[in-house]
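Chains as they are written, first to last, in the working numbering: chain A, 1 to 723; chain B, 724 to 1446.
Quick caveat, the hints were computed from the structure, so don't treat them as lab data.
A portion of the hints provided could be inaccurate.
As the list claims (entries may be wrong) - A few chain B residues facing chain A, derived, Cβ under 7 Å: (1) 763; (2) 1000; (3) 1003; (4) 1004; (5) 1005; (6) 1007; (7) 1008; (8) 1010; (9) 1027; (10) 1038; (11) 1052; (12) 1055; (13) 1100.
Unchecked claim - Straight-line C-alpha distance at most 25 Å; calculated SDA-like pairs for lysine to any residue: (14) A:307 <-> B:1072; (15) B:1056 <-> A:75; (16) B:894 <-> A:465.
All C-beta atoms, glycine included, are put in the ideal place defined by N, C-alpha and C.
Number of protein chains: 2
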Amino acid sequence: MADTNALVAKLEALGLGEKPVEHAAVENVEQWAEALAGASGVPAAYTLTKTLIFKPKQPKSEPVAPVLVVIKDDTVADAKAIGRELGFKELRLAGEEILADVFQTSRGSVSPFALAKVPEEQIGNVRVVLDKALLSDGAGTIAFHPLDSTRTVFVDGACLQSFVKSVDGLKHVTEIDFVALAAAAPAVGEKAAKPAKPAAAVPAKAEEVTGSAKQGIEASKEKDFATWYRQVILRSEMLDNYSVSGCYILRPTSYFVWQEIQNFLDAGIRAMGVRNCYFPMFVPEEELNREKDHIEGFAPEVAWVTKAGQSELAMPLAIRPTSETVMYPYYAKWIQSYRDLPLRLNQWNSVVRWEFKNPQPFLRTREFLWQEGHCAYMTKDEAWSEVLDILTLYRRVYEELLAVPVIEGVKSEKEKFAGGDATTTVEGFIPATGRGIQGATSHYLGQNFAKMFGVVVEDPEATGPERPKLHVHQTSWGLSTRTIGVMVMTHSDDKGLVLPPRVAETQVIIVPSGLNSKHTAEDRQRTLDACLAVEARLRRVGVRASSDLRDNYTPGYKFNHWELRGVPLRLEIGPRDLEKQSVLSVRRDTFEKAALPLDGLEGVVELLLHKIQDDLLIRARATMHERVKMVLRWDDFVPALNSKCMAQIPWCEREECEEQIKTRSTRDAQSDEPEDEKEPSMGAKSLCLPMKQPQNPPIVAGETKCIQCGHDAKRYALFGRSY
Amino acid sequence: MADTNALVAKLEALGLGEKPVEHAAVENVEQWAEALAGASGVPAAYTLTKTLIFKPKQPKSEPVAPVLVVIKDDTVADAKAIGRELGFKELRLAGEEILADVFQTSRGSVSPFALAKVPEEQIGNVRVVLDKALLSDGAGTIAFHPLDSTRTVFVDGACLQSFVKSVDGLKHVTEIDFVALAAAAPAVGEKAAKPAKPAAAVPAKAEEVTGSAKQGIEASKEKDFATWYRQVILRSEMLDNYSVSGCYILRPTSYFVWQEIQNFLDAGIRAMGVRNCYFPMFVPEEELNREKDHIEGFAPEVAWVTKAGQSELAMPLAIRPTSETVMYPYYAKWIQSYRDLPLRLNQWNSVVRWEFKNPQPFLRTREFLWQEGHCAYMTKDEAWSEVLDILTLYRRVYEELLAVPVIEGVKSEKEKFAGGDATTTVEGFIPATGRGIQGATSHYLGQNFAKMFGVVVEDPEATGPERPKLHVHQTSWGLSTRTIGVMVMTHSDDKGLVLPPRVAETQVIIVPSGLNSKHTAEDRQRTLDACLAVEARLRRVGVRASSDLRDNYTPGYKFNHWELRGVPLRLEIGPRDLEKQSVLSVRRDTFEKAALPLDGLEGVVELLLHKIQDDLLIRARATMHERVKMVLRWDDFVPALNSKCMAQIPWCEREECEEQIKTRSTRDAQSDEPEDEKEPSMGAKSLCLPMKQPQNPPIVAGETKCIQCGHDAKRYALFGRSY
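All chains should be modelled from the sequences, with the hints used to inform the complete structure.
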């Protein structure tokens, strides 16, 4: 048995002697990725790995043969398939006992290097399985914990192989191509698909048609939301992690959603008379500091450029966290007369807010894409009218494009935009966590910024030589890529992403199916041709259809592949369908199946896509409706939160009371409930004062009291835990 | 007479004692703006001023009454109008004598503070005119040279007023609203318009219809191109200067052009199968440094983020100068098999290259907008085929949208993209300066980056367990907002911007005209209604039409206003036009006029817009064609450059020879010609090896010699001075 020093020596001998990167202890692959992203000395690109230890079902008489599997973190270790490869009947994850006794380690710290610690008398029984994908040159650098979960070493595939070879007494090493393994498996799925007669027009359950190849999501949305969310967005290829912590790559699937949002919103604001422009991303320090309240809100999160090439800059430049202070000095210059009003500009850009809180893909990232509109008006009424028009557009983005219901409201004083007079908001809600989320905001800035930057005009109604100066009334409003995260959280399920048809890059995936060894090459060709013909017909009417004719994957594999990626509708076409002049459709959202006649298919598919879009919103709206709880006494407040609801309460609207609600709900929740690690009980904050106020019971001035403090209630407010 | 010390004391007393900002001596307002943008201690926003000294035409007997005018830098000081206001017959710019004798100063150093130096016996004769726009609160901070052109002080309007009041003995101070002055003037323009009978279908000369209100461009495109360009882009409101040097604000007029380019190009590349995505703007230092040649090309220009909030970053982050090294580590990860090829991604973003050379709006800016495509293929042929397809799209952007002709070619070894194998280019040409300009480039990167980042797949054609690894073949290609600058330089004229109709936010401006005091309120209303009706009809067929019904400006003023802003077509509608059921059209490019019948107007206007678009390209192409000189001996080379041409020469394609051509053409030019300050004679570099090679005379292998060095010529190359 090698002790730690010997192991280190061995690693050194293999060229692994570089100091491992140190970081906080991590408990799962997501935490690990985060920790590395924040650490220094980490290579630009690397593949995370996981090391799993299985125990096969064996006759008691045989010595235990632990199976150590080293695999890419996003590859599914199909225990059955591995067992088959190694000739074992059944593999199960090994318990702590085997980890401790055989590998001198514990869960969370398992790595291939644990092999170096296996006692001499046991190493001969150990089976090692290496993922071929890690060994190919293309794999690049791979990351392991060498000893425990607070350190990471980076090696390449060849290193891993040499290390494994260097372990004395190790006899059984197998390299497995897990991709091929998964591809081979769906034969089972094929079989499983049979009972669901393709011709049946009656809706059938999803499980019947999905292959069993376990690509896809392992975590459960209900049980482990955080892991589930990561898996959905990474594995559906919406997003990839990036080597700078808190920054993410928007892959084509998610960027397509963003472009659809852009097209809709850009047309909407242009139709209102807003014009697009582009201001530089850099803000000189002193400009940023002009508006005091505003800068207090943003300063801690500003990223600073201090150097260009080899030269220090004379004045540090901020990267815009938002553009009020970038743009308004020029508004002061451009607005010389009331005739220059309104000035209505928008820009599509990216902003940087160096959040030190946990980043959350789409929802809270250090760089994100958005639009920011900035308008100046003569009067408050005009400005307010725009604030509300924009809010309507934002609601429509959520509801009509993303099928996500939102609640329109006004933010409390505490939650409003730093430096503005009032903030209106569309608030979303994630049922799986019971947390509210700010969807997009439209601010009435009042005259605050105008005073700060001197945006004034002469009063057109006054006469005489010395007309009084009037400060303009301003608005600003923004909607960001956060929308995409809210959409994913709302609709997606344990099979992966669910995309509303309006924003799906591929709306219909066509998969040839039902072909087997009895079919001739001609049958096969006829089926593939039929797929392409259907694709062409759909494309002609503007449906974004695509055929998956890959010959190295089974239909079952493809079903999973496209379900994971959220394609709203699947059409299966096989020889028997063609005989009947029909295709089999399967909805991604409900897995409902229907035989659709080829004749007039275009119209039916279009209708079906509209139906899916509508149904997604209807279902999400019903859920949200259930989760807005009318709470008329404090005792019901925390229980409402704990049942993953938002609480609608008569409220006094005092900032002090809002603070108290936060503190009190945190405390109550802690005493009521056992601490849940994944979803720590958190206090509630005000989400908004809904524009549609409940009427039953109505707020009676001077009579209805705030449920927290007993002061007079002014309006109903929506409170909840939130992102 | 106050000496310098006394002046400083006076300024201090007025609260102007702050240390002035120091900078290099400047000779004109453009240089001044640049100098300030690069200096520290400069306020976020300020208005540049100019101080002009005029001398009125007076009877010799009277004492000289110099007129000192302080005015916004972009306001035209109409000498005639100022004279009228002050009761002088004629004003002319004062000569150096008056500057020296009366104000103790010299050209380039004139400021209001020169008043403090006027001798006691003369101050009583001086007239001071202050621009009201500088005194309004809205003006904000205004910038002056206090004593000479190497220093700048920033004051507000009130300060300026107190200073002027404080000048002992000064008697005549007048505040003039120059905007109103300009607005009042065009009555003259109206008169001038009369001879050009609105009903005449015969084209007439421009000058006849333009008002005389001298808003607009003062510099001549031919005589002072640099100043002309600045004036055109600033005054047409394409762009504004920004408080960070080398960064500019894209105002709606130019951003509209960019969005039209985006729409066209985005549709084109998507149709080719390229998908959009978004990578973060930050690049960790070590990632940037992976490709050696590449980083050598970019390192001196990289902007570094070193701080976030109050914290120093552990690892500095570059802001992407281009995304090869940002993206390719992920290509290595995503491309696991030849089946993942091709991978074709594009992103629309902004990049930062901290150029230390003189910035040039649109052409060379520290932040600019572009798209960058990055694709990976199995084979060189596929990659090359895309490189050329993209180049075709780029040519179409220039030719079909911007009406700018370009020459397709391949860059020389010296000029190709750092780290790539070959660069193809569309080269533009600015006739007014005789300089070539790189329009957009499409690179074949070969396998260089693939080797660096390990982007490999297994050879699909090989068999057996150990398939050889193949590095992918890559392309990258980009087109930026530089396009807009090339378009402006190509078409615009001494009246301002000329926009091709396809990219003009307003394609048709409708101006009511021909109304005078003899017309009734009803006539007026009927005319305005007719304008709106025409606007509505044009909009219905997709023409971007707009009516200028402002009641505080004369038609002449409006003509100038929209000519300056490049609107391709003006329609004038007056009572007499309506009687004849027609409108008068005036083209911006040629000032050609025609009466268009109201009946069927939409179709005629559409045709006219197409004609304008086509004519712009045809004219620009003819000019370019003239300026490509076939040069078959060295002695003709520099003369060709000096006559603002590009030289097409038989060339050996050796890097050494390219260096020699640069040196030799610089030297020859210097000895041949007197140094021209505005356009220093510069050496020629290779612009491209044109894809369409001249055939007459053909290059005969082994026979045709390079005109510079006498080695065998391989191809014709285009050489020229360039941006």
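TODO: Compare the structure with the hints numbered earlier in the document and write down the numbers of the violated ones, lowest to highest.
DONE: 7 and 13
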